[in-house]
Structure formats: structure tokens, C-alpha cells
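Can you build the whole structure from these sequences, using the hints too?
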Amino acid sequence: MNKIFIIITLITLLTLPTIAQTYEVSRVIDSDTIELSNGEQVRYIGIDTPEFHNGIPDPYAQEAYEANRKLVEGKEIYLEFDAQERDKYGRILAYVYVDGIFVNAWLIENGYAQIMTIPPNITHQELFLPLQTKAREGNRGLWGFEGNANIESGDIIYPYVGKRNSMKFHHYYYNLVNDMKEKNKVFFKTREEAIEAGYVPCKRCKL
1085 MNKIFIIITL ITLLTLPTIA QTYEVSRVID SDTIELSNGE QVRYIGIDTP
1135 EFHNGIPDPY AQEAYEANRK LVEGKEIYLE FDAQERDKYG RILAYVYVDG
1185 IFVNAWLIEN GYAQIMTIPP NITHQELFLP LQTKAREGNR GLWGFEGNAN
1235 IESGDIIYPY VGKRNSMKFH HYYYNLVNDM KEKNKVFFKT REEAIEAGYV
1285 PCKRCKL
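Residue numbers (the numbering used here): 1085 to 1291.
FYI, nobody ran anything at the bench for these hints, they're computed from the structure.
A portion of the hints provided could be inaccurate.
What follows is a set of in silico ranges between Cβ atoms, one per label pair, in the way DEER data are often shown [stated by the list, open to error]:
id	residue 1	residue 2	range
1	N1262	G1123	43 to 51 Å
2	P1204	S1250	14 to 22 Å
3	E1221	K1172	19 to 27 Å
4	T1207	I1279	19 to 27 Å
5	G1123	N1268	25 to 33 Å
6	G1123	E1266	38 to 46 Å
7	E1276	P1141	19 to 27 Å
8	G1158	N1262	23 to 31 Å
9	E1276	S1110	40 to 48 Å
Bear in mind the structure is a predicted one, so any value in this text is a computation, not a measurement.
From the three backbone atoms N, C-alpha and C, an ideal C-beta is built for every residue, glycine too.
The structure is reproduced here in C-alpha cells:
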């Protein structure tokens, strides 16, 4: 566990309420969603992970699921909330902590998740950025697949790239993407996901 992650986790834990309610995880639904013993589902804030589609996994989906399961399944966790309490599906939105580990951040740092910032839930956005940069530069986890694209079939994990400071998104192969600073990049699997996150397509990518 590197120094940056330890510092981030300690700072975040120190900001939690002195008396915080704990919740028991009854099962792990996927890499970024869990179910509590009270039946409520919790969607992790600020991250997006590889998924299963009709039983067929995205690259690294199984590994990400197993990592999340080993961290939290059957354990007591703390939840930290942001501006919005629930998403449109009725799931609780939260940052998750278990055994002193900031789960959302750990998944990013180890390449099991990428940052997905959806305002107004932005409390830990700046904390996540250096962790994702390190994961990408080290080709950890899902980032080991990035760029291994079949141009003919368009088989890319995240074919759309958003630019934070303009809130516009582009196709992965658009030349502007190569000129973007890493800290300004946000990756999306679909146009709909980018639009839902508040991004708009550039004029060229509207086609």
C-alpha cells in the first residue's frame, strides 16, 4: 500500500463522524454495487468498473468483482455520503470504508475502477485523480487493456473520453484526445453514460 493511498485514507477516516453507524454487507452485486443486510443496495460514488452484459464480462470484470467481494462481503462497513442520497434507481450513493480501507479509492488505485465524477457528488474527486494516474501509468488492471483496440471492430473498453474543464467528450481516436492532460480525462463506455454525467459531444463527435 503506497504512501499516497495511506495518507488519503487517514485523512478521509479522520473526517468521518466520531460515532458512525456500521452496516453489514450481505452480498456483492458487482464491482461497484453491494447489498446490505437490511436489503438496501449501495452504489459506490465516484467510480465506474467493468461490467457483465448478459453474463458476458467486459475485460477485467471478473477480477474487479472478486476484488470487491474479498474486500467487503460479509463484513461491517462505514458509509460516507455526498450531496445526493440516492441515484435514479433508488440505490444509496456512498463512499465505503472497511477495515481502515477506503474502498472506492483502493479500487481506483489498483486498476479495478476508473473515476466517474457525476456532480454534485464530487467530495473526493481530487483525492482520486493521483490514484488513477498511477494506475494508468503502471498499466494496472483494466488499464492494461486500454489501447489494445481492434480498430476494425471498435472493440475498446472506454471508447469516449471527456474533458473535465470543458465538459465535452470525444471519440477515443479523435486527435484532440492525445493532447489532453491526464488529469482532465474522464473515460466512458457509451455516449449515454457521458451525457448522463453532464458531458456534451463536440461538434465533430455529434455525428
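Pairwise beta carbon distance, G1123 to N1268, judged against the given window 25 to 33 Å: With Cβ atoms ~39 Å apart, the hint is violated.
Holds or violated: 19 to 27 Å for the Cβ distance of E1221 and K1172? violated (34 Å)
At the C-beta level, are G1158 and N1262 separated by a distance inside 23 to 31 Å? violated (44 Å)
Distance restraint hint 19 to 27 Å, applied to the beta-carbon atoms of E1276 and P1141: With Cβ atoms ~20 Å apart, the hint holds.
Within 43 to 51 Å: is that where the Cβ-Cβ distance between N1262 and G1123 falls? Holds: the Cβ-Cβ distance is about 46 Å, inside 43 to 51 Å.
Does the Cβ distance between P1204 and S1250 fall inside 14 to 22 Å? This hint holds: roughly 19 Å between Cβ atoms.
Would you say the C-beta atoms of G1123 and E1266 sit inside 38 to 46 Å of each other? About 40 Å separates the Cβ atoms of G1123 and E1266, which means 38 to 46 Å holds.
Quick check: does the Cβ-Cβ distance between E1276 and S1110 fall within 40 to 48 Å? Violated, at about 30 Å.
Pairwise beta carbon distance, T1207 to I1279, judged against the given window 19 to 27 Å: holds (23 Å)
Going down the numbered hints, you'll see the structure goes against 3, 5, 8 and 9, while the others check out.
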